[in-house]
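Here is what each chain is made of, one letter per residue.
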Amino acid sequence: MQTVLSEDQEQFKHVVQRFFDTHSTTTAVRKLAETETGFDPLVWAQLSETLGLPGTHLSEQYGGHGFGPVELGIILEEMGRTLYCGPFFSSAVMAGYALELFGDDAAKIERLPQIADGSIRATLILDDLNHPSRVGGLIKATPAGALTGSAPIVLDGCSADVFIIVAQEDSGLGLFALASKAQGVEVAAQDSIDMTRKVARVTLNQAAGTRVGSVSPQDLNRFWDLTSVALAHEMIGGAARLLDETVEYTKGRYQFGRPIGSFQALKHRCADLLMSLEFAKAATHHAGFCLAANAQETIYPSMAKAMAADCFMDMARAAIQLRGGIGFTWENDTHLWFKRAKCDEVLLGAPYQHRARMIDILQEAQDVA
Amino acid sequence: MSHDQIRAELEAFLDAEFSPDLSLVEWRKRLLAAGWAAPLWPAAYFGRDFSQAEALVVSQVFAERQIVGAAQVGPRRLAAETILAHGTSEQKLRYLPKILTGEHAWCQLFSEPGSGSDLAGASTRAERKADHWLINGQKVWNTSAHHADFGILVARSNWDLPKHQGLSYFLIDMRQPGVEVRPLKQMNGHASFNEVFLTDARVPLDDLVGGEGKGWAVATTTLSIERQGFARGRSQGAPAAASAGRVYEELARELEIDNEPYTWYPQREGRPDLIMQRAQDTGAIENDVVRQEIAKLICLTEAARISANQVSAHQKSGGQGVLPAGSIGKLGASVIARHAAHVHTMISGASAMLSGPDSAADGVIAETLISVPAISIAGGTDEIQRNIIAERVLGMPKEQRMDTGPFRDIPRNGQ
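Protein chains in written order, with this note's numbering: chain A, 1 to 369; chain B, 1 to 415.
Hints in this document: simulated from the structure, not taken from any laboratory.
Check before you lean on any hint, since a few could be wrong.
Claimed, not checked - Derived CB-CB ranges, DEER-like:
1. N309(B) / A369(A): 44 to 54 Å
2. D173(B) / R317(A): 28 to 38 Å
3. E110(A) / N309(B): 38 to 48 Å
4. C343(A) / D288(B): 43 to 53 Å
5. H342(B) / G325(A): 27 to 37 Å
Said to hold, decoys possible - Once the Cα atoms are required to be at most 20 Å apart in a straight line, the calculated SDA-like pairs of lysine to any residue come out as:
6. K398(B) / Y254(A)
7. K296(B) / Q363(A)
8. K29(B) / T220(B)
9. K398(B) / R269(A)
10. K316(B) / Q321(A)
11. K398(B) / T220(B)
12. K296(B) / A356(A)
13. K296(B) / S262(A)
14. K398(B) / S262(A)
Please read these numbers as outputs of a predicted model, since none were measured by experiment.
Just so it is clear, CB atoms sit at the ideal spot from N, CA and C, and this is done for glycine as well.
Please put together the full structure from these sequences, using the hints given.
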């Protein structure tokens, strides 16, 4: 198993880094935050066509590039660092992984290439975003594929072309596809704390979905692991950016005749934050390497999600605190990351839920052994 | 040399030279002569210029065949590595062999009652006489000083220079009338350390390391080796002395003396390794709050382990850039120890009060609860580690100093 990034992966990271430094400036982020769809179609086209990013982690046989969680993590780390606004997580990660893991072959052949090349923006409708065991409580499917129910939080629900939906069937969970403009579909934008990632409520009323696969509990756990680790990468990217900028701020801000970064109270807090970041990064990268190496369930994905979430949120709190009053203003950029941190913290399970899951996994492993 | 060649040469050497009936010292002399005692060291000084990977082959063979290696437990390692880095050729030839054979035990004479975290504020006096240095002062926290033949000593040779520039680094013979060693009892009941009183003690002129006034640079090397040890955990570096034969019996005696100060060291690290089993045995694992705290502990211990692996993989691949490894590892060890003690307490409940025969794990847990404060202090306090991380890794501005100018003018304790 890998321990550190390979040379090729480091090079890929530089390419991705350059792209988002250029195309996801805070000026662009602020502008997109004020729009309804929350993304720039031109940048989306570029990252899809020039760099082929949405297909990075998807299988080559379905139009992807056949890389894995590590390369996807590299992309998301840079997206988190620059707070990229766009449907990458909803379409490439959530819908892409769902189809790849749950979809039947015909559906993958038909739909994944379009997700991989960015020509279709899909999103996944999960009626619960807290814990895999709770999925399927709100959306039901009849044997004929009529979908009824409501999901309160759908990422990029207002701008997606296609919905991929997990719904409860008579026995087990099924996977369905549905055009976002189909009959019986009602999409209502939700206000989110985080204006840089758009969410919507989607209500289905006897909507005629196409059944495209089934969702076994094992596959759903694997999906949860893959998406949680992807999100953890976004979080450590954001946290690293916050630490860099906060430390720079303390070097340049003078009070009592000296830079505030020379006060131990601030130094010690920054040192603790660096340790927490190094640990969260180690956990997240390790989780990516584990997922890439095998399909066996381990504690590491949940550990990564819990640690990255706590780290990002601690970092965001400190980033505001160490700036003092200016950090609490709308004009200062810090709140943009703070709000992303808050939403990422609870998306796909809060840290306490992932910690509980770690112990569950350890105990199950013991029972098997 | 390929790993197979190393293995073959070493196996042949062991077949020809090793016998359990040798005396410990005689065996180690043979190891030393063949360069197997310290394969990482330069060939000119008893080693083989091996890489970490090559040296690993050597330790694997030693472990497989239950071969006794060079003496390495305790402060003698700090002395050896420092002499290797800064000593003169004569010092290396004179002192290193008997460190490796275990004939000489060493201790570290750095901290003083008046200078703990501020190690460069040492005020033990070193006066240059015609044919020796005359040493006067007091040292403290000296592990194994009561068994030591020699000490690595930091003392002030010039009081008119700024404090870091007035220090010199010496190798001092502990078996002389001017050196008095007294044990120091700690809050956990052990006495792993000593106070050392130096009264007109003498150091030959040849036993100055790194040059007069260069003591701080040399001491920094010792301290960084010490910190690595804290971050990595203490390696015992010797096979289980269970086999029969003179060499094993002598090793067992040596280890008993060498390891005695460290018997409680696993406890100061919080014993996170015992948590899961205890939580299951007591049923505490069923409690949701305990589960959360255990998971937090696993996050910390696993992340610290993974992070250390990633750092060493990065270094092996020749990676560049500042890596905050040492200080972060040490700070992490403190956080882990505190949290582990907290979880042990949750698991024990009221019986955490007990330290006698009825206490958990035969007193190990009680000893853990009263030993963890040490890990945040020894080898550089958490606060000092945070300063190092903030200033050297994050590049934050240095604290304003009150201790510039001639050392004699700086306010000190007891003045």
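Status of each hint after checking the structure:
no.: 1; hint: N309(B) / A369(A): 44 to 54 Å; verdict: 24 Å, violated
no.: 2; hint: D173(B) / R317(A): 28 to 38 Å; verdict: 56 Å, violated
no.: 3; hint: E110(A) / N309(B): 38 to 48 Å; verdict: 43 Å, holds
no.: 4; hint: C343(A) / D288(B): 43 to 53 Å; verdict: 25 Å, violated
no.: 5; hint: H342(B) / G325(A): 27 to 37 Å; verdict: 35 Å, holds
no.: 6; hint: K398(B) / Y254(A); verdict: 14 Å, holds
no.: 7; hint: K296(B) / Q363(A); verdict: 16 Å, holds
no.: 8; hint: K29(B) / T220(B); verdict: 30 Å, violated
no.: 9; hint: K398(B) / R269(A); verdict: 15 Å, holds
no.: 10; hint: K316(B) / Q321(A); verdict: 39 Å, violated
no.: 11; hint: K398(B) / T220(B); verdict: 18 Å, holds
no.: 12; hint: K296(B) / A356(A); verdict: 10 Å, holds
no.: 13; hint: K296(B) / S262(A); verdict: 32 Å, violated
no.: 14; hint: K398(B) / S262(A); verdict: 6 Å, holds
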